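> Sequences listed follow chains A and B, in order.
Per my numbering, the first sequence runs over residues -15 to 218.
Per my numbering, the second sequence runs over residues -15 to 218.
Don't read these hints as lab results, they were simulated from the structure.
Wrong hints could be hidden among the right ones.
Since the list can't tell identical chains apart, any single copy or any two copies may satisfy a pair.
Straight-line alpha carbon distances no greater than 27 Å define the calculated BS3-like cross-link-like pairs of lysine-lysine that follow [as the list claims (entries may be wrong)]:
| hint | residue 1 | residue 2 |
| --- | --- | --- |
| 1 | K7 | K50 |
| 2 | K161 | K187 |
| 3 | K88 | K161 |
| 4 | K50 | K60 |
Since the model is a prediction, treat every value here as computed from it, not as a measurement.
Protein chains: 2
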Amino acid sequence: MTLLGLTYILVGMLVAHKNGKRKVSRFRDAERTRERLVQAAAREIYRAGFQSASLETILAATGVTKGALYYHFDSKEALGYAVVDEVIGPDVRLAWVRPLLTDKDPIDALIGAVRNIPVQPVIVRGGCALNNLAQEMSPLHAGFRKRLETAFNAWREAVASILRRGQAEGSVRRDVKPDDAAGLLIAMVEGYGSLAKNAQDPKVMKAGIRNIVGWLESLRSLHSLPSRGNHKRG
Amino acid sequence: MTLLGLTYILVGMLVAHKNGKRKVSRFRDAERTRERLVQAAAREIYRAGFQSASLETILAATGVTKGALYYHFDSKEALGYAVVDEVIGPDVRLAWVRPLLTDKDPIDALIGAVRNIPVQPVIVRGGCALNNLAQEMSPLHAGFRKRLETAFNAWREAVASILRRGQAEGSVRRDVKPDDAAGLLIAMVEGYGSLAKNAQDPKVMKAGIRNIVGWLESLRSLHSLPSRGNHKRG
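Make the full structure from the sequences, and use the hints.
What follows is the structure in structure tokens.
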């Protein structure tokens, strides 16, 4: 639902006439089918990994025929790429890029993003969709590896960028290296995600969030005055 | 090569006679076959994950028949358990438990263990065997999950325990919570391992090691006098 989705809306507004209408509606149906396939594939890949993901399960979940699947996607790989580009990548940007495009205090903004890491049992047990796929596919498949790296890079750049602003404004310690600290934050988040997934226990992730928040507090410059109410360590 | 290996040595010393000899040698051959299967399975699981690991590949690598495989292991799962119990678990203890059973300064010992994290391209690209299997199998299979958790717990307890000694001796900050810090260390190591595996680039792991060492330095109590030569941050 990126450019194609936008195209549909424009076309829908401009040519909602007789013959046009049928074409548009067929186009819309095709788009909906494609979107349903991508969402079902995202769920199945999240459950079983890409290699073990079953096209039969995806077809059964959507009620789509194999013919229709191959109309939209040349291969299982193309469907997997769509999951990265249209589900996992946007989810990373929603959780880690957009919330950091803010005027708030950088450390407060980062703590807010960390506190928003989902800790629902079903998500803790399934792990991070980005990390799952990166762990499975990076050594096996350059196409997946690069797409997933793009998402990690966007995440790291968003964190490094807000830390640079904090240094320019004086709220973040000058000895912090923004790129290194951004990498460390992501390593902590994904590392705790791994431990919590192994433990199958949200408490592990909650403890991780507290520890990451504690580390983020340590990046404040000493003369910056944190708004104490917002970031207790307990 | 744990209890069974020991049994063989004792038996070998005591009954190296005529008939006994043939029995012992058959027993030894069986043990060697079993060991070769476990090592080949460890390599294949490391390459492809447990679910995608191919018994045919393992048999071809060892020259063992399917019958002999099932003589030693009831199932692919039993072979996988042996990989965790006899390869992955011992490797974790070798890298993270044994080096911390030392009289050295606790932070120096931890920094030493972190600096020993392998950064050879083939290992960085394949990732951490413990984390790979935990990520793949924890949500799917309680037997694997628990065995892998045992290895993570031994690692965490070894780190927490040496930090507690450091606090008792005054070399580690009193406000550090040993269990939390141990979890954070493991999260950092595994998280950087994930990022480096995604990047397929040892430089990412080397940068990670530098950052983890920097964090470990920050756990020293202010009045402890580090032996500067041993832990430059560069």
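> None of the hints should be skipped; say for each whether it holds.
Checked hints:
1. K7 x K50: Answer is within; shortest intra-copy Cα gap is 23 Å, inter-copy 58 Å.
2. K161 x K187: Answer is between; shortest inter-copy Cα gap is 16 Å, intra-copy 31 Å.
3. K88 x K161: within (20 Å within a copy, 30 Å between copies)
4. K50 x K60: within (11 Å within a copy, 32 Å between copies)
Going down the numbered hints, you'll see the structure goes against none, and every one checks out.
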